[in-house]
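Fit chain B to the supplied structure of chain A, relying on the hints for placement.
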Amino acid sequence: MKEDPPEIRNTTNGESDLIHTPPEFAVAEGDIHVLPEDEFVAGTSLWKDAWRRLLKNKLAVFGLIVVTLTAIISLIGPPLIKSATGYTYDYIPSDVMLIKSIPPFKSAAGSFSWSHPMGTDNSGRDLLARVLLGGRISLMVGIISTFVSLIIGVSYGAIAGYLGGRIDNWMMRIVDVLYSLPYVILVIVLLAVFRSSTAVGQLILLFVALGSVSWLTMARIVRGQVLSLKNQEFVLAARATGVSTGRIIFRHVVPNTLGPVIVYATLTIPQVMLTEAFLSFLGFGVQPPLASWGSLAAEGIQNIGIFPWQLIFPGVTMALTLFSLNFLGDGLRDALDPQMRT
Amino acid sequence: MLSTRRCELNMSNTLLSVKNLKTYFETDDGTVKAVDGVSFELEKGETLGIVGESGSGKSVTNLSIIRLVPDPPGKIVGGEIQFTGQNLLQLSEEEVRKIRGRRISMIFQDPMTSLNPFMKISRQLMEMTQLHLGHTRAQAYEHAVKMLETVGIPDARSRVDDYPHEFSGGMRQRVMIAMALSCEPELLIADEPTTALDVTIQAQILELIRKLKQKTGTSVILITHDLGVVAGMTDHVVVMYAGKVFEQARTAELFAVPGNPYTKGLLRSVPDPTSEQGKLYQIPGLPPDVAHLKPGCPFAPRCERATSICREEFPPFVEVSKDHYSLCHFGDDVYRESQAEAARKATA
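Here the protein sequences come in this chain order: A and B.
Position 292 of the first sequence, counted from 1, bears residue number 413 in the numbering used here, the numbering being contiguous throughout.
Position 20 of the second sequence, counted from 1, bears residue number 40 in the numbering used here, the numbering being contiguous throughout.
Hint data in this document are derived by calculation from the structure and do not stem from the laboratory.
Among the clues, some could well be false.
Said to hold, decoys possible - Derived DEER-like restraints, expressed as beta-carbon distance ranges:
1) B/H185 with A/P303: 41 to 47 Å
2) A/S349 with B/P174: 33 to 39 Å
3) B/Q110 with A/L348: 28 to 34 Å
As the list claims (entries may be wrong) - Each computed DSS-like pair below joins lysine-lysine, with the alpha-carbon atoms no more than 30 Å apart:
4) B/K118 with B/K95
5) B/K233 with B/K140
6) B/K118 with A/K351
7) B/K118 with B/K140
8) B/K314 with B/K64
9) B/K53 with B/K140
10) B/K231 with B/K166
11) B/K233 with B/K118
12) A/K351 with B/K95
13) A/K169 with B/K140
14) A/K177 with B/K140
15) B/K39 with B/K95
16) B/K299 with B/K233
17) B/K42 with B/K95
18) B/K39 with B/K166
19) A/K351 with B/K42
20) B/K53 with A/K351
21) B/K314 with B/K39
22) B/K233 with B/K342
23) B/K140 with A/K351
24) A/K179 with A/K169
A quick note: this is a predicted structure, and the numbers were derived from the prediction, not measured.
A virtual CB, placed ideally from N, CA and C, is assigned to each residue, including glycine.
Chain A with its partners taken away, still in its complex shape (with noise of 0.2 Å):
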């Protein structure tokens, strides 16, 4: 601590106060705790400070119960479903009589029934199984082009900005480029030229469109840490001590740049769920009999004058979870805020 002479001394500072305390006042010596040299006082993790912070944070935590219910619950939904109905999203009655839509909690002869809490859609499929599936996918999505962009905008990144010079310019001018095109017509432009004729092909080629586009971000994230770290002297420690150039990226400077990219990366993961939504609602994206929420808004917009459920259920489980999810990355963020660390 800087010592100020005495005159401009600050008062309220206990420490400087000490110093002046008449030997009366003197703290009673079992108050002071006396450390050892080489013991201290167990320290908190880094990890562990950051979930104590993020578990203070109530809107954060309901994003993570929720985040985490929607995921269990469309994960073990399904089969669940089938054993109790005999429902799955892909079976359609065979009889003729259930052409249209029925109600929530409703048989086809209109009587109350459990069979379909969310009723139906058009062609008499169950919709809680469908909003399920659509679950399952939407997330599957929003977690694997994250991850894809994760993997290509984090290598990207540290190694343009650890390598610098010359390298760093050429590769951040290719992503200013990819920046400037529209991306949304991009993936529309590739799923289209790649249309795959199976449901699940298509599925992967949107995983792949989506990643493709979404590092950007991530990669000038990543550079700007790296820059920052590069010049850091455990960098330089560890160049002193023969360790490689590649290892030295990946081993050493990488994991320093985690906290920023992970709240970056949930915040991907609805960005991503909104843009698929937003491919599926178009009909680039998944295709029948496969389901996302995007894809069965889709639907349901068509008849919203008369099955209004298929919109609402598909649609509030997506807003809901697209919400926890914002908590949820805003809540890391807080948490792992760098200038909030003691």
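For chain B alone, kept in the frame of chain A given last:
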């Protein structure tokens, strides 16, 4: 110039010989000659001190030795660095990397920032021996524990898996020393190893370096601006100023009979609690801007005995006595004055 005078020395005992090293930095403000024609030699098992003010080129000299000068803007533009018969400046990046950490290692100034905050101490120590000595994970782990014990970390086995933030500054510097010595290098470069530590810890760390040096026979280059540290630790001293070697001698001789006005100024500005009274001496002026050096002696504007020749002509590097060199037009005169002063002190 130095090399020709020293060529009669037995080469087999010389570990490192730096000849006419020049490291320049290209900046918008012109070429900064951070290191300009530095030469020195280091024998096996010896400790060399490099002293100088901030910006005198001490650190850049040593970064040049292990070829870690930030490029751009820095560049080693000339000279030779012979390390056990190899010219380090002619090796490929790959070959230099095999020397770094294995045969020459470095300890840095600030132990708070020179350990990776995201890696366990064990991982950072293991990386060295796995890389250079081909240890397996288990071997490297055992070696890491052993090294921590060697540098005096209590309860090393339970501390080895801690993260750097769980260690104090002094202990981190011990960890750095453990890391630097874990491959038993032939040369240890300590770049102001105690500057960021408080005084009691400084003494402990220096003692540790000295003890380990005796044990392993490692040669040490100690960069510092603390003359007290130099006096206690080193065999030879190189005094640097404005990227040049101003004086070079055995430590005892340099402290007793300095042959350069700059060294004399430095020695006078060390407080002596036993005899000095009143105001502490301070060399007037500021270190020069090495991007715009005038043709004369770089120290001339601050030198008490500077004459017109000092401002016009670059001084010669004269041998004022055996193995004692001084970059000064009046090196011999200064040396004789110092001798007279020393004799007066001895009789008083």
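Right, here's what the structure says about each hint:
1. B/H185 with A/P303: 41 to 47 Å: 45 Å, holds
2. A/S349 with B/P174: 33 to 39 Å: 35 Å, holds
3. B/Q110 with A/L348: 28 to 34 Å: Given a distance of about 32 Å, which is inside 28 to 34 Å, the answer is holds.
4. B/K118 with B/K95: 21 Å, holds
5. B/K233 with B/K140: 26 Å, holds
6. B/K118 with A/K351: 21 Å, holds
7. B/K118 with B/K140: 23 Å, holds
8. B/K314 with B/K64: Between B/K314 and B/K64 the Cα gap is close to 38 Å, so the pair fails against 30 Å, i.e. violated.
9. B/K53 with B/K140: Outside the cut-off at roughly 39 Å; violated.
10. B/K231 with B/K166: 16 Å, holds
11. B/K233 with B/K118: 22 Å, holds
12. A/K351 with B/K95: Within the cut-off at roughly 19 Å; holds.
13. A/K169 with B/K140: 16 Å, holds
14. A/K177 with B/K140: 28 Å, holds
15. B/K39 with B/K95: 16 Å, holds
16. B/K299 with B/K233: 38 Å, violated
17. B/K42 with B/K95: 8 Å, holds
18. B/K39 with B/K166: Violated - the C-alpha atoms of B/K166 and B/K39 are around 38 Å apart, more than 30 Å.
19. A/K351 with B/K42: Roughly 25 Å between the alpha carbons, so the hint for A/K351 and B/K42 holds.
20. B/K53 with A/K351: 24 Å, holds
21. B/K314 with B/K39: 24 Å, holds
22. B/K233 with B/K342: 27 Å, holds
23. B/K140 with A/K351: Satisfied, since the Cα-Cα distance of roughly 19 Å is no more than 30 Å.
24. A/K179 with A/K169: Roughly 17 Å between the alpha carbons, so the hint for A/K179 and A/K169 holds.
Hint compliance for this structure: hints 8, 9, 16 and 18 are not met, and every other hint is.
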